[in-house]
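Quick note: the sequence shown uses this note's numbering, first residue 28, plus one each step.
Every clue listed holds true.
Subject to a maximum C-alpha distance of 25 Å in a straight line, what follows is the list of computed DSS-like cross-link-like pairs (lysine-lysine):
1. 294 <-> 113
2. 357 <-> 396
3. 381 <-> 317
4. 112 <-> 294
5. 381 <-> 351
6. 381 <-> 483
7. 190 <-> 294
8. 483 <-> 317
9. 396 <-> 365
10. 317 <-> 357
11. 204 <-> 190
12. 357 <-> 381
13. 160 <-> 112
14. 113 <-> 190
15. 190 <-> 160
16. 396 <-> 278
17. 351 <-> 483
18. 294 <-> 160
19. 294 <-> 278
20. 160 <-> 113
21. 357 <-> 483
22. 317 <-> 351
23. 112 <-> 190
These aren't lab readings, by the way, just hints derived from the structure by calculation.
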Amino acid sequence: MICNIRGYSIARVELEGPGTLKRQEGKRISRVRSLDHGGAFDFFYADHHDERSRLFCHRQPVEQYVELVDAGTLRQDTHQTHVVKKLQTLYDNILAYHPPPIPDPVHPGTSLLSRLLHRGPDLPLSPPTNAPKSLYLFGDVGSGKTMLMDLFFHSLPDSLRRKRRIHFHAFMIDVHKRIHAAKIKLGLDGGDPIPLVARDLADEAYILCFDEFQVTDIADAMVLRRLLETLLNFGVIFVMTSNRHPEDLYKNGIQRSSFLPAIELLKSQFVVFPLDSGTDYRRIPRALAKVYYNPLNDETRREIDKLWTLTSWGRKIVIPESNKEMARFKFHDLCGNKSPMGASDYIEVTQTFKTIFITDIPRLDMNSKDLARRFITLIDACYESRTRLFVSSEVPVTRVFSIDRKGDNISDHMRSVMDELGLSTDAVGSNPIFTGEEEVFAFARACSRLVEMGSKDWISQPH
Numbered sequence: 028m029i030c031n032i033r034g035y036s037i038a039r040v041e042l043e044g045p046g047t048l049k050r051q052e053g054k055r056i057s058r059v060r061s062l063d064h065g066g067a068f069d070f071f072y073a074d075h076h077d078e079r080s081r082l083f084c085h086r087q088p089v090e091q092y093v094e095l096v097d098a099g100t101l102r103q104d105t106h107q108t109h110v111v112k113k114l115q116t117l118y119d120n121i122l123a124y125h126p127p128p129i130p131d132p133v134h135p136g137t138s139l140l141s142r143l144l145h146r147g148p149d150l151p152l153s154p155p156t157n158a159p160k161s162l163y164l165f166g167d168v169g170s171g172k173t174m175l176m177d178l179f180f181h182s183l184p185d186s187l188r189r190k191r192r193i194h195f196h197a198f199m200i201d202v203h204k205r206i207h208a209a210k211i212k213l214g215l216d217g218g219d220p221i222p223l224v225a226r227d228l229a230d231e232a233y234i235l236c237f238d239e240f241q242v243t244d245i246a247d248a249m250v251l252r253r254l255l256e257t258l259l260n261f262g263v264i265f266v267m268t269s270n271r272h273p274e275d276l277y278k279n280g281i282q283r284s285s286f287l288p289a290i291e292l293l294k295s296q297f298v299v300f301p302l303d304s305g306t307d308y309r310r311i312p313r314a315l316a317k318v319y320y321n322p323l324n325d326e327t328r329r330e331i332d333k334l335w336t337l338t339s340w341g342r343k344i345v346i347p348e349s350n351k352e353m354a355r356f357k358f359h360d361l362c363g364n365k366s367p368m369g370a371s372d373y374i375e376v377t378q379t380f381k382t383i384f385i386t387d388i389p390r391l392d393m394n395s396k397d398l399a400r401r402f403i404t405l406i407d408a409c410y411e412s413r414t415r416l417f418v419s420s421e422v423p424v425t426r427v428f429s430i431d432r433k434g435d436n437i438s439d440h441m442r443s444v445m446d447e448l449g450l451s452t453d454a455v456g457s458n459p460i461f462t463g464e465e466e467v468f469a470f471a472r473a474c475s476r477l478v479e480m481g482s483k484d485w486i487s488q489p490h
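Could you build all of it, start to finish, from the sequences and the hints given here?
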């Protein structure tokens, strides 16, 4: 194994077993460290002018994880270690994998007869025999799934250019736009847009990392099986994170029977692996930053105004006040019924601005469910984009989804979800406005994310 070492090199390093140096030529090695990765090289130190210099051949998943644990950035977690080893195995297999060439497209603009007579290569009917199995990680909120997937994605060498990491919601928005464009190109003669869309996606990236894989929309459910199957047949490898086992996806959804083949595809073509560490890392106590202000009064408005000195400008998504990195809205500008926004709008806003101010958030009631759903979607977009969020609200922000009345109206299911996320009725209120299974989960997750986004760790991280 040839390694470069900050200004000089060691000709060869061999390991006799996990963490045991067998032979080295060149400079003396002072320490070897491994996660028992089958004797594979993880990382080492050299006896040089700087004893602390870390020397890497490749920053592989296991290597990165050990470094983060040693630095105190992460806590040692047995369950996460098991997942890291799965990611390391996939990483090794990907480096040895040569994806098949993507067949030339049949140009949609040609006539139906031309397409029928096209003699290009047939679409593949099964995944390449040499393709590594994709990975589906599922577990509770806060268990570290996103962190581990990002660790894997950023460990991939720069030479692997056809790779993409994206939130699943944003991916499906992109897919539906491509399907619409493909249908227009196919014209009156019609045709199937899925192979065209899948071919282009596979040509752009043969490694796809999805965060927050979930299915709540019937439009997504109807295209997912064929889309995933076609992408796998083109040789695409997936790493997905989800809060649910494949069998629990789209539970109680409209026409769920049509989605069951997609579930079987995930179970047969993916390594489905749980991450149940029992620790919600978002709930580890953190020092709170001053980013949430209440109640709604003159003093609170003055405090918010002190933080805000921005010019106003307009665009298709109206931004009342902004500069290059920050934007300020009133709650009804973003979530009101006058100009309803959707997930794609919120993704655009949060990817454009690193910091967002939202003022005058009222307490929501049973008549405000549409506003509440939009606010939850906005919170998810802020969380995924690592956006700093400052708000002023009528009550503490995690309680805006709870009705102001006496008594406890929390269902057993709601209480179970809150317990899993470490949320108390003091934090979220005792009379939440949501009752449906998917709504309850989305509400509780949003509250959990608001807690994390209100910490100094979140505010001080690079954005």
